[in-house]
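Trainee: Here the protein sequences come in this chain order: U and A.
Anchor point for the first sequence: position 31 equals 113 in this note's numbering, and the numbering is continuous, going up by one each time.
Anchor point for the second sequence: position 42 equals 124 in this note's numbering, and the numbering is continuous, going up by one each time.
Just so you know, not all the hints are guaranteed correct.
No distinction is drawn between identical chains; accordingly, a pair holds when it is met within one copy or between any pair of copies.
Stated by the list, open to error - For lysine-lysine, the following DSSO-like pairs were computed, each having C-alpha atoms within a straight-line distance of at most 27 Å: (1) K137 <-> K260; (2) K266 <-> K216; (3) K261 <-> K204; (4) K266 <-> K137.
Rather than coming from a laboratory, the hints here were simulated on the basis of the structure.
Each chain, letter by letter, is given below.
There are 2 protein chains.
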Amino acid sequence: MADKRPAGNSDTAQVILNKSLPLFARSGYAGVSMRDIAKAVGISGAALYHHYPDKQSLYVAAMAHAFADKASSIQSALGNTGSPEQRLERFVTSFTKQMASDPDFRALLHRELLDGDEKRLKLLAENVFIEPFKAIKQLAQEMALDCDAHLLAISMAGLILFHFETQAIRRYLPGGLKKHNDPKVIAQHVISLLTGAIGSGSRQ
Amino acid sequence: MADKRPAGNSDTAQVILNKSLPLFARSGYAGVSMRDIAKAVGISGAALYHHYPDKQSLYVAAMAHAFADKASSIQSALGNTGSPEQRLERFVTSFTKQMASDPDFRALLHRELLDGDEKRLKLLAENVFIEPFKAIKQLAQEMALDCDAHLLAISMAGLILFHFETQAIRRYLPGGLKKHNDPKVIAQHVISLLTGAIGSGSRQ
DNA sequence: GTCTATAGCCTGATAGAC
DNA sequence: GTCTATCAGGCTATAGAC
C-alpha cells in the first residue's frame with residue numbers, strides 16, 4: 083500500500099513503455115533513439131532518465147511489459163478439456179488469431195530471437211514461454227506418441243508464425259492471395275496439415 | 083573485356099561485401115557503422131566511399147551478394163525426377179542442410195523479412211525466391227491436390243526455418259536437446275510431419 | 001518530475017594530399 | 001585507391017534550475 087515507486091512503476095513510466103514498444107517493434111533497439119521515445123511520449127529526453135537509468139533498462143522493461151500478458155492468454159487457449167484433436171483445433175485457432183491481432187508483439191518476438199542475448203532469452207523463456215510451451219508439448223505428445231514432442235511443439239508454433247513473418251514478401255511470390263493473411267484460413271490450413279490430412283492425400 | 087569497374091566490381095569491393103556481411107547478419111543495418119566495416123576490411127573509412135556511394139548502397143550490394151548464389155542451390159535441391167515423396171525428401175533434406183550450414187544467411191533473411199522495405203523485398207522475391215518457390219509450390223501441388231499450394235509451400239519453408247530461428251531459446255525450454263539442432267533430425271521430423279505420419283497416428 | 005543546456009562520443013560523409 | 005583530417009549532426013547520458 084505504501085506509495086513506493088521503484089523505477090518503472092509510476093504512471094509516466096508505464097506510458098513510456100506503451101509508447102516505446104511500437105517504436106522498438108518497428109525499428110529495433112539500435113534503430114530507436116531516446117529522443118524518438120521522448121518525442122512519442124511528449125516529454126524531454128532528460129525526463130526519461132528519471133524513470134529508467136539508461137536505454138537498455140528501458141528496453142528490457144518494455145519487453146517484459148510486452149510479453150507479460152501473453153503467457154497466460156496463450157496458455158488459456160489450450161485448456162485441457164476435450165479430445166486432443168479438439169484441443170489442437172482450439173489452440174491453433176486462438177494462437178493464430180492472437181498473433182494476427184498483434185503485429186508489434188510478433189516483431190518484438192522475432193527481434194528477440196535474432197538479437198536477444200543469453201540472459202534476455204532465458205528470462206523470456208522462463209517467464210513467458212515455459213508454461214504455454216509445456217501445455218503445447220503435452221498436447222503434441224498425446225497427438226503423436228511416437229514423435230518427439232519438443233520438435234512437434236516447435237513445429238506447431240513455427241507453422242503459424244512463419245505465415246505472418248512472410249506476409250510482406252508473399253505479395254511478390256506466385257499464388258499469393260489476400261486470403262493467405264486471413265487468420266481463419268491460416269489456422270484451417272495448419273490444422274489440416276497437423277492432423278495429417280495433407281500427406282495422406284485424403285481431404286483437408 | 084574493357085576493364086570497366088562500375089562501383090562494386092573491383093576486387094576490394096568484393097572483399098568489402100564479404101567482410102561486411104557477417105557484421106550486418108549479427109548486428110543489423112543500424113547496428114553496424116561504416117567504421118566497423120572499414121576495420122573488418124582493413125582499410126580506412128573514407129576508402130569505403132570510393133567503392134560505394136553511401137552506407138545503404140553498400141548494404142544493398144552486400145545483400146544481393148549474399149542471396150545471389152542461394153536461388154540456384156535451393157532450386158537444384160528439388161530436381162524433377164522421382165516421385166513427389168522422393169522429391170519432398172530430397173528438398174527438405176538439402177534445404178535443411180543448407181540452412182544449417184549458413185547462420186549468416188538465415189539471420190540476413192530474417193532481418194530482411196522484418197526490416198526490408200517494399201523495394202528490397204520485391205527485389206529479393208523476384209531475384210532469389212520466385213524460381214525456387216515455384217518449384218516448391220509445384221511439388222506441394224502434386225503432393226496435396228486439394229490443398230492451397232502457396233500455403234503449403236510457405237509451411238514447408240517455415241517448418242524448417244523456425245527450428246533454426248528458435249535454436250537459442252530452445253535451450254531454456256523443456257525437452258530441448260542437442261539433437262534438435264541436428265539438420266538430419268530436423269529434416270526427418272519435417273518429412274514425417276509433411277507425409278502425414280503424425281496426425282494419422284501411424285509411425286513415421 | 002520536468003525542463004534547458006551541454007558534455008563527450010560516435011555517426012555518415014567529404015576534402016584534398018599522395 | 002587509399003590515406004589523414006575534418007565537418008556537421010546525432011547519440012546517450014548528466015548537471016542543475018524550477
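Trainee: If a hint holds in the structure, say so; if it doesn't, say that too.
Mentor: Hint by hint, here is what the structure shows:
For the identical chains of this complex, K137 and K260 are neighbours neither inside a copy (39 Å) nor across copies (35 Å), given an alpha-carbon limit of 27 Å. In this assembly of identical chains, K266 and K216 lie within 27 Å of each other by CA distance both inside one copy and across copies; the values are 25 Å within and 25 Å between. In the homo-oligomer, the alpha carbons of K261 and K204 lie at most 27 Å apart only across protomers (20 Å), although the nearest pairing inside one protomer, at 36 Å, exceeds that limit. In this assembly of identical chains, the alpha carbons of K266 and K137 never lie at most 27 Å apart, being 39 Å within a copy and 41 Å across copies at closest.
Of the numbered hints stated above, those contradicted by the structure are hints 1 and 4, listed in ascending order.
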